[in-house]
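Colleague: Read off the chains here:
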Amino acid sequence: MAVKAEFDIPVITNVPRTPGLREGAMAHSRPFVAKADHQEPLGFPGELVEDWHDRAIGRMGELLGEYRSLQVFMDACVKCGACTDKCHYYLGTADPKNMPVARQDLMRKVYRRYFTFAGKFFPRLVGAVDLTEEVLGEWYSYYHQCSECRRCSVYCPYGIDTAEVTMAGREILASVGIGQKYSNEIIGKVYKIGNNLGLPEPALADTLEGLEEEVKEDTDVDVRFPLDEQGADVLLVTPSADFFAEPHVDGLIGYAKVFHQAGIRWTLSSHASEAANFGLFIGSQGNMQRVAMRIREAALELGVKRIVVGECGHAWRVAYSYWNTLIGPFDFLDPDYPAPQHVCEATWDLVQQGALRFNRENNDDKVVTFHDSCNVSRASRMGSMPGGQFLIPRELIRAACNHFVDMRQETIHEGTFCCGGGGGLLTDDLVELRVKGALPRMQALHEVIEQHGVTHMAAICAICKSQFTKVLPYYDLGMDMIISIHQLVGDALELGVER
Amino acid sequence: MLTALIAGLFYLATATLTIGLARKILVYARTPAPLKIPTTPAPTSRAGVAARLLREVVLFESLFKASKWTWLFGWLFHFGMFVALLRHLRYFTDPVWGWVAWIQSAGIYAGFAMVIGLAGLWARRMLVDRVRYISAPSDHLMLALLLGIGGSGLLMTYVWHTDIVALKAFVQGWMRFRPGELPADPVLVIHLLLVICLMLVFPISKLLHAPGLFFSPTRNQADDPRERRHLPGGA
Ligand code: HEM
Ligand code: HEM
Ligand code: SF4
Ligand code: SF4
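Chains as they are written, first to last, in our numbering: chain A, 1061 to 1559; chain B, 430 to 664.
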């Protein structure tokens, strides 16, 4: 039942291979450009400004002064090539400009021309070029073929993180009037309505009520989905896809069951009904801070003692790594839980305390593998040990399932492959890129299906879940293979038994 | 005439290298790192970070994960160059420090390691289509330059010996701004002119990877954003 496509779907081979270069293979790929309505609420000009050249170079100079990462990364690359076969978009498309170093070079060649001695006087020698409209077009195309997944930065001897360059590229583009419609429109919705999906408060309340009824029908237990409850202990902030998209919503049901069973008073907030923060993707710290601030406001307003973040990769990166800087300090939280937690950490704590009991047999129809999400794996942590972000989700799966296997070593943990839809690329105008970029993950999944009869792949990221739902059928696999960890947890959890 | 030229160029190159590098390091140190971006899993303490950087410098840990061939040739080249440079300290120290004298004999293999490593890296740059694609002329020239230095050095060690005693007198004098006569061996002159080129391009080229590594936020930040509130400007 493979989906028909306008483009060639990559073929899964017995042994994964690194393709030879196919120049220009993805030169046509570019997402829709933001209209003035999408740009202006974020503080960007509505269309290409007249003095775009000077403004772009000016903005680049500012960013070089504001981000040591960008300054060092522009200088330090030795073109060793270690990263060239590490990007899923290169592996899936064979377009050489999707090799991380080549993606950086799109900016580096301009950096050299305007900011270095060698590039000013010997441009040919060091491959420096003027910033032209054509170069800008290339930036737009290829900085939207990077999911900011940081896989390249693991392997680079200097830790050069192409994601930082991509973010800077997008920020420069947006600041001269060429923003990306998908991301910027969504950020606008968060400002206006409070979440990415543009789900207003009454609709949210309705949805949650519906979920209460659904769980009651299934389990005969009154599991609550509270909204804006003053004085709750825990504020749960989760990606808005959890409210109704499949398979996300089953994860939300899982969180609710865990809180119910542990006797924790929790609430969602209509003011902060979104964990996602696309300000990260567009490289705009100002917008990222503005989006995040709603969560601090909601926590203070509701008087909660803990903040827990639902299953979402980049949201957890922002929460774990940036919130303390952007919207901290969190001195108003319970000293026992002084920092925002991941829902997997919260559930795992409860498991260790013996507060939850599981009927693993409930999941015996499944052989489960786990897809590490890039932002969780390479840009954050769970628990107190480095690498806890790999252990805790797996421990939770093992607590809830009898049959778990991992995929090939190079494709998990810090070496995990992006789902292909992260970093603001989860949009229908980029389907070809998304399908091709998913190849390495599909390849690894295919292997465990063949070898171990895997039936389900669990994930803890809303983008991963939506992306896989979309692309699995292109590879002849069922879209319902993808599942939330908290669905597994929720399905195995014994509800209502004495603790 | 030759002596004066080489000595003068060396003063110029030394000044360029020192000032250029100091300027760059100052820029790196002063540019803020506004957000926490260590590539995780990362050490949670400063001591752990120091150990991570040490592994990157000494073992090329990340490169080892990425590509065994590049790692092998790259490590041979750098380690060989490092030992050969230590061996060179005998020109600059008088009396020669004990450990410098001690590494002299083992040191001759270092020159070969350096040249073999460079040759392997250059072969990779020309033969692997992906690496060829990302190479600018300057990337090839840099390898040629270093091969020239290593090759001319080895020629002196094994084929056309130069007058080491006179060379040392020259170097010692140069350090006191009174350079003596330089032996006029063509290979030595080539060796030295190439070294001068290397010193001149160091602060304006990709050789900035050496200081850059220490300032790379993905490697030099500790994974402790929960415990310590990272404020803009902080390391
Ligand atoms: C802190 C000290 C240094 C460290 C950690 C370091 C590390 C590395 C690493 C990991 C690579 C990539 C792998 C490879 O191609 O070898 C590399 C490349 C390179 N390094 Fe260094 N390096 C250091 C100092 C130097 C110095 C002092 C020089 C020159 C005098 C140098 C010259 C080069 C060159 C030319 C390349 C590119 C080789 C190629 O074209 O493939 N490095 N360095
Ligand atoms: C002040 C600068 C330098 C001087 C005066 C100098 C001088 C010499 C001399 C006289 C030799 C022959 C040694 C012998 O006959 O035993 C030599 C060898 C060599 N030089 Fe240099 N050199 C200088 C800088 C460098 C630099 C910067 C490099 C590397 C980047 C280098 C790499 C080598 C190598 C690899 C050899 C061959 C192996 C060995 O004998 O250690 N030299 N150099
Ligand atoms: S961050 Fe990820 S998507 Fe972007 S270049 Fe690196 S590996 Fe590719
Ligand atoms: S691994 Fe790092 S240094 Fe090597 S080519 Fe890629 S970005 Fe440049």
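Take the hints with a grain of salt, since some may be wrong.
[To be verified] EDC-like mimics (lysine to aspartate or glutamate), calculated; alpha carbons at most 20 Å apart, straight line: (1) B:Lys453 x A:Glu1126; (2) A:Lys1095 x A:Glu1122; (3) A:Lys1095 x A:Glu1107; (4) A:Lys1276 x A:Asp1266; (5) B:Lys494 x A:Glu1470; (6) A:Lys1365 x A:Asp1396; (7) A:Lys1365 x B:Glu656; (8) B:Lys453 x A:Glu1122; (9) B:Lys497 x A:Asp1266; (10) B:Lys494 x A:Asp1145.
Calculated directly from the structure, the hints in this document are not laboratory data.
Colleague: Work down the list of hints and note, for each, if the structure agrees.
Modeller: Here is how each hint holds up against the structure:
Pair hint Lys453 (chain B) plus Glu1126 (chain A) holds up; C-alpha atoms about 15 Å apart against a cutoff of 20 Å. Only pairs whose Cα atoms come within 20 Å are accepted, and Lys1095 (chain A) paired with Glu1122 (chain A) is rejected, the gap being roughly 25 Å. For the proposed pair Lys1095 (chain A) and Glu1107 (chain A), the alpha carbon gap of about 7 Å is at most 20 Å, so the pair holds. Between Lys1276 (chain A) and Asp1266 (chain A) the alpha-carbon distance is near 16 Å, which keeps this suggested pair within the 20 Å criterion.
Among the hinted pairs, Lys494 (chain B) with Glu1470 (chain A) is consistent with the structure: their alpha-carbon atoms are about 10 Å apart, no more than 20 Å. Taking the CA atoms of Lys1365 (chain A) and Asp1396 (chain A), the gap is near 9 Å; set against the 20 Å cutoff, the hint holds. Only pairs whose Cα atoms come within 20 Å are accepted, and Lys1365 (chain A) paired with Glu656 (chain B) is accepted, the gap being roughly 18 Å. Of the supplied pair hints, the one linking Lys453 (chain B) and Glu1122 (chain A) holds, its CA atoms being roughly 17 Å apart against a limit of 20 Å.
Proximity of Lys497 (chain B) to Asp1266 (chain A) is assessed by CA-CA distance (about 57 Å); at most 20 Å being required, the pair is judged violated. At roughly 12 Å between alpha-carbon atoms, Lys494 (chain B) and Asp1145 (chain A) fall within 20 Å of each other, so this suggested pair holds.
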